[in-house]
Amino acid sequence: MSIEVIGITVLWLFLYGYLIVASIDFGAGFFAFYAKITKKDHIMNDLISRYLSPVWEVTNVFFVFFFVGLVGFFPDTAYYYGTALLIPGSIALILLAIRGSFYAFGNYGSKDNIFYLFLYGATGLLIPASLSTALTISEGGFLLEVDDKVIFLAGELLTSPYSWSVVVLSIVSVLFISASFLTYYADRAGDIDAREILRKFALFWSPPTILASLLVFVGLREHNPGHFQNALDIWWMFGLSLLFFLMASYLIYIRKSLGTAFILVMLQFFFAFFGYGASHLPYILKPFITIQSGVTNPTMGTALVIAFIAGLFLLIPSLFLLMKLFLFDADYIKGNK
Amino acid sequence: MELDSVMLSRMLTATTLAFHIIFATIGVGVPVMIAIAEFVGIKRNDPHYLLLARRWARGFTITVAVGVVTGTAIGLQLSMLWPSFMQVAGQVIALPLFLETFAFFFEAIFLGIYLYTWDRFKNKWLHWILTIPIMIGSSASALFITTVNAFMNTPQGFDLQDGKAVNIDPIAAMVNPATPTKVFHVVVTCYLTAALILAAITAFHILKKKSGAYHRKALRLTMVSALIFGIGTAVAGDLSAKFLAEYQPEKLAAAEWHFETETNADLILFGTLNENNEVTNEIRLPGFLSFLAGSSFDTEVIGLNEFPEDEQPPLWVHYMFDLMVTIGIYSLFISALFILFWLWKKCNEWNKLLLWGIVASGPLSMLAIEFGWIFAEVGRQPWILRGYMKVGEAATKADGVGLTFILFVLLYIILGTLCVIVLIKMFKNKPAEVELDQRFQIDDLHK
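For the protein sequence lines, the chains are A and B, in the order given.
For the first sequence, position 197 matches number 197 in the numbering used here, and the numbering has no gaps at all.
Add 337 to the 1-based position in the second sequence for the numbering used here, that's all there is to it.
Please note: incorrect hints may appear among the correct ones.
Taking lysine to aspartate or glutamate pairs in the EDC-like style, the calculated list, with each CA pair at most 20 Å apart, reads [as the list claims (entries may be wrong)]:
#: 1; chain 1: B; residue 1: Lys734; chain 2: A; residue 2: Asp148
#: 2; chain 1: B; residue 1: Lys547; chain 2: B; residue 2: Asp774
#: 3; chain 1: A; residue 1: Lys39; chain 2: A; residue 2: Glu196
#: 4; chain 1: B; residue 1: Lys459; chain 2: A; residue 2: Asp331
#: 5; chain 1: A; residue 1: Lys334; chain 2: A; residue 2: Asp193
#: 6; chain 1: B; residue 1: Lys734; chain 2: A; residue 2: Asp147
#: 7; chain 1: A; residue 1: Lys324; chain 2: B; residue 2: Asp456
#: 8; chain 1: A; residue 1: Lys334; chain 2: B; residue 2: Asp456
#: 9; chain 1: B; residue 1: Lys727; chain 2: A; residue 2: Asp148
#: 10; chain 1: A; residue 1: Lys149; chain 2: B; residue 2: Asp341
#: 11; chain 1: B; residue 1: Lys501; chain 2: A; residue 2: Asp148
Treat the hints as calculated values from the structure; they're not laboratory data.
In isolation and in its complexed conformation, chain A is listed as follows (with noise of 0.2 Å):
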């Protein structure tokens, strides 16, 4: 494999396991919110900061990551993007930045305050939202290059459908991930009650998610036929990924292998994800930078894969361990330590 699509995939990975470590965060901020405001926050919000707490930190940094790496791999895009976004992007840093701060003001500090509470819930639905955008720029249209300047026109995007429908699917696919996987965390917890109403949340944006993916893959056959073409000849990905939502959702339905049914979430967004990554290419941002064009230099290039390798090392391990601390220590899950 060349360096440019190990890099990309690379990127990809970290992108997809932000899309799910950052949904569960996110929606749970908005589902404790909604919680508090309908009183039945002392049912599952316990639950909920079992679970943040000692990750909240590391979901940052995949987002961190792949941004870094993006730079590192691609550095054309620090140019294009850079410029383009300067105002969505600092938007999205100010929502993260307000998102990140609140949730340590709330959680360690004055608990139950319900503005810093509203804060935290609010930008976990606008932050998909808004980095969603990156996404949409990358199908072109939205970026115009004139002498050595880049404009970012932000009409075209405001009116455009497709930028939309991404939109929609991003905010609906963040409370279904997240309430799909707080389902199973309170099951394992024992804790029906908290279970039942996060099962109504996952089954309520179950539809949802699909209707939005379809109307995703309609605005993209306007906006970018290429793109569409291409996401038709893999069709069997998107296939997949629907065959695994189907299935989670009925594990869901019946109260069986909540487990299982997470990990079905997973993959249906999994293949969605590669899927949409694989027929983006060859490029990154069109038709400014493909893969090829952009890819940072050879030996830096080989540094980089090699840096990914040994951290992974160090990662992979450690990752191991918060999760087996926290994820499968049922006697934590149940808050007895």
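Guided by the hints, dock chain B onto chain A, whose structure is given.
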């Protein structure tokens, strides 16, 4: 001063970094102090130290959160505000940036584990061992990110052809001439500042309220640490000056208002400049700049006049340099004095004046970090990549930098204020005495 996008980009970068550096410094230094306290606590089986580690760790979580989010901000702003710089230099410095996130990842995982496993292991040492990867992670991320900054000061490991970097050597770019002194200086001053801030909080408490063995032990521990790190800082400062004399003479010359190349050059403390760039009101130490630059009064120190006017840094960096050095010496002095008083039985180390001196040393040392960074960064103006690319060529051409500047300033004001409020509340609601009594059944004040 014109508020074009270059100026605004500089202002926004400076604001983000100035805010982030407060939390980054705490983030690198405090884990070391926590590890020391827990180590002593387990070793001596002394609950005071164990509680100390716990309470420091609890406050630390708040500062880590702000540090993480502002660190994410600067990480992305680098590409958003300086896209042309990142397009060129991104190729050369991608490796340390990448490694920095690995170190951060490593730290984040173990910090999460550390904070939530206080009473989970039967063997207390197992919990203490978790501080090692946290310290490695936080110090290593300081190391890697400092190599990037060192590279911007003394770039090497690439050639520039038609605005593109070629013949890249990632390791040479990382291990550039500025790296050793800069990394040493950054890491040791983080440790020093963290020790002094924790000491300042303790001293303040002792001055304001009744205090028992817990606070006395805390102050002794932090002051001994501060003295050790203070000596390290002095060594690092000396090495840095020698580095500057050799590799970045224009920065040292601007810092010292040293215009003519000469041997036996004078060191200038404070003072002012008149309109003819003549130094007035200064304290002059004859020959000492030469001594600082090369350990001998005969060392020739290159003057600022050797450089073209458009490649000279602004002269006001002199004040930053002086303030940094003065505070550094003060920190060393105050911690040495405390320890001297403590060991020499005739003096009272709980003397009010001395305690107030310690209280002052905390915020002052954080200011010194800011002054030092301002000196280091403004001192390499007009370059973003010394000798290769000027700041003006690197800034974004996008509109809206002014608006983002305002938004981020507001964000930092809110985060900064709330962070302080939350921290104060957190410790006021549960004083150490109450916690000692609850957790370890010790009545500290009446022992």
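Okay, the hints, checked on the actual structure:
1. B:Lys734 x A:Asp148: 9 Å, holds
2. B:Lys547 x B:Asp774: Cα-Cα ~15 Å, so holds.
3. A:Lys39 x A:Glu196: Roughly 15 Å separates the two Cα atoms, so the pair holds.
4. B:Lys459 x A:Asp331: The given pair, whose Cα atoms are some 15 Å apart, holds under the 20 Å limit.
5. A:Lys334 x A:Asp193: Holds, at roughly 13 Å.
6. B:Lys734 x A:Asp147: 11 Å, holds
7. A:Lys324 x B:Asp456: At roughly 17 Å apart (the allowed maximum being 20 Å), B:Asp456 and A:Lys324 satisfy the hint.
8. A:Lys334 x B:Asp456: 16 Å, holds
9. B:Lys727 x A:Asp148: 17 Å, holds
10. A:Lys149 x B:Asp341: 15 Å, holds
11. B:Lys501 x A:Asp148: 16 Å, holds
When held up to the earlier numbered hints, the structure conflicts with none and fits them all.
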